[in-house]
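Peer 1: Spelled out from the first residue to the last, the chains are:
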Amino acid sequence: MLTTFGNWLDDRLGWKSVWEAIFLRKIPHVNWLYTLGSATLFVIINQAVTGILLTLYYVPTPDHAYDSVVYITTQLPMGWFIRGLHHWGASAMVVLVVLHMLRVFFYGAYKYPREVTWITGVLLFIITIGFGFTGYLLPWDQRAFWATTVGTRIIGVAPVIGDWMLRVARGGEDLSAVTLARFFGTHVWVLPATLLILVGIHLYLVIRNGISAVPGKDE
Amino acid sequence: MDESKKEEKIDRSDFMKATIVGVGGLIGIAYGLPAIAYVVGPAAKQEAGDWIELGSTSKIELNTPTLFKTVVETQTGWIKTQEEISAYVLTENGQDFTVLSNVCTHLGCRVRWIDDEDRFFCPCHNGAFSKTGTVIGGPPPRPLDRFENKVEDGILYIRRGG
Numbered sequence: 036m037l038t039t040f041g042n043w044l045d046d047r048l049g050w051k052s053v054w055e056a057i058f059l060r061k062i063p064h065v066n067w068l069y070t071l072g073s074a075t076l077f078v079i080i081n082q083a084v085t086g087i088l089l090t091l092y093y094v095p096t097p098d099h100a101y102d103s104v105v106y107i108t109t110q111l112p113m114g115w116f117i118r119g120l121h122h123w124g125a126s127a128m129v130v131l132v133v134l135h136m137l138r139v140f141f142y143g144a145y146k147y148p149r150e151v152t153w154i155t156g157v158l159l160f161i162i163t164i165g166f167g168f169t170g171y172l173l174p175w176d177q178r179a180f181w182a183t184t185v186g187t188r189i190i191g192v193a194p195v196i197g198d199w200m201l202r203v204a205r206g207g208e209d210l211s212a213v214t215l216a217r218f219f220g221t222h223v224w225v226l227p228a229t230l231l232i233l234v235g236i237h238l239y240l241v242i243r244n245g246i247s248a249v250p251g252k253d254e
Numbered sequence: 004m005d006e007s008k009k010e011e012k013i014d015r016s017d018f019m020k021a022t023i024v025g026v027g028g029l030i031g032i033a034y035g036l037p038a039i040a041y042v043v044g045p046a047a048k049q050e051a052g053d054w055i056e057l058g059s060t061s062k063i064e065l066n067t068p069t070l071f072k073t074v075v076e077t078q079t080g081w082i083k084t085q086e087e088i089s090a091y092v093l094t095e096n097g098q099d100f101t102v103l104s105n106v107c108t109h110l111g112c113r114v115r116w117i118d119d120e121d122r123f124f125c126p127c128h129n130g131a132f133s134k135t136g137t138v139i140g141g142p143p144p145r146p147l148d149r150f151e152n153k154v155e156d157g158i159l160y161i162r163r164g165g
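Residue numbers (this note's numbering), protein chains in the order written: chain A, 36 to 254; chain B, 4 to 165.
Source of the hints: derived by calculation from the structure; they are not laboratory data.
Honestly, I wouldn't trust all of these hints.
As the list claims (entries may be wrong) - To give an idea of the chain A side of the interface with chain B (calculated C-beta under 8 Å), a few residues:
id	residue
1	102
2	103
3	106
4	114
5	117
6	241
Just so you know, even glycine gets a beta-carbon here, dropped at the ideal spot from N, CA and C.
This is chain B alone, in the form it adopts within the complex (with noise of 0.2 Å):
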């Protein structure tokens, strides 16, 4: 018998050592890949952009940002929990709105329009925004958010998470 023929041969052990070493990658991957989508899962799902109903846009007086607020239930996991979502609306002509969100960019405490300084107050690191939003003040790094808008019937609507 010549040495290549050897080789081709598979003696008992070696087909043993073979077949565990597949069926155990093969049961290893059978937990291992639902076991990494069942721990991540929570995390990969987004919430749905759906239309928040914010209020009548008549209430909205111009060139002053208003404060709207407004109650959303949001389900964490398997708890449905009120949530309440505050915006400031500005508008110049009554037709188009800018909807700002009251979270300060800086570490997401909340900003408080002052109307006799013209500006958003944080008042946790005294951050200042003007009242379209860019930063006038302290350590915020960029303008407040905007929540994406539209009017349908004289009510104003924003869309979830931006």
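The following block holds chain A by itself, in its conformation from the complex (with noise of 0.2 Å):
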């Protein structure tokens, strides 16, 4: 029954040479640091479904930010466990994309054909900083507050142009409404948006590409 109708389907969207090319695909003998990045993919897949839930409850304003903070964490079932999937979940993944950059560098695995793969990487690690800064703000808690009135004044330090994009980054002279709502709009938007494009690349590369095997000792 379920393969008839898996056949069918097949006849008309051709999913199996899909799945095949995905989850069938021939690899060399590797080692356990290469499940870094589906480790990574994992936790962003947990912070989409987390983040998403978060966004049910939580409102984007310094008159509401706190308190439909602390609301979700003491008086929703369950949800200090849904915000502590995010947050943890969140150092989680810079960790994680750190040891993968680094098992990726010190094997070589970014040189040839790879390169372009390595690049959507670096991007992707920029994002998955920016998603860390912008998502620091939101609880809009002291400690939210301050660090982000110092890393937007590490923006400021920048020769020239420094001041101005200090001024972009906050919407104005001082951390405000208008800061927290572009943080928002950021950090559950724009980033959100870029990581799905570049993820989609980098996993077709690796695909496309095929894994790089371990080296030798004498390579």
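Hints in hand, dock the two standalone chains.
Peer 2: Here it is as structure tokens:
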């Protein structure tokens, strides 16, 4: 029954060849360090699912942000769990991305023909940092406020255009409702959209080019 | 090797498939169940039926619905709001009280007691109720709701939410 339906669908969609290309591709004999990319992908999905759930209650304005976060954490059933997954997932994502990058770097896996995979990976690393930076402000507590005050001041250190970039980042002179709103918008729309596109390219290239073998001792 | 022995043997590929489906299912449940609780949580929460002070019973005229207004604090999500609750109190003997909600049972407009006509009137769709709350005209499907009430030291209380 299920097989018949699968075949019926395959005649129209050709999904079996896609499935085989993704999950049944040939790979060299590798080690556990090669799971870091998949682990990162898993955490990305975790961040997306829990992040979407958080937006059901979170309100990105100075008069509601903190209270809505407290409401999520203390009043809602499993709210602490959903927020906890998002909070710790964020840290795990940064750690995993860095470890994944180190593995690729020290195994020389970024070399021909995988340079573009590496470049999209570097961009994904920057986006991950962007997620962390914008997400940190959203609870709108003292730590968030002052961390972002300091973080945006660092932008201001850049020569010539620094002050202007600082004002763009904050949406004005100081941290305000404008800052919170644009950090939220960046965190839930701009960065996820960019991440989705780049992860798509990154995974396509991993499958198209295949993965590199563990380098030998004399290489 | 006969057929039955062959079936008992699980190869690596089948083992991996079973493990992936099993672990994947567990992860799905670990996300799915908390997510459902989290989403439906506020809907499942009932307002506590605490007593609200309406006012002194000495102000109430016999046999005439008397309007009482009181402000209660309600919390919706993380926002505390002041809500005004109005109720008509009716008594025949000054001891037993009937407290009627002023919310029309048709579509939720507020009803008003009109002394000259001896009835409650709802301006939205011309609903009319008698002084005890029974429907005497218009579209309302049932009598006015009544609050559970009690008197302590001459002060009338009603129970929130019915």
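Peer 1: Hint by hint, note whether the structure agrees.
Peer 2: Here is how each hint holds up against the structure:
| no. | hint | result |
| --- | --- | --- |
| 1 | 102 | holds, 4 Å |
| 2 | 103 | holds, 5 Å |
| 3 | 106 | holds, 4 Å |
| 4 | 114 | holds, 6 Å |
| 5 | 117 | holds, 5 Å |
| 6 | 241 | violated, 19 Å |
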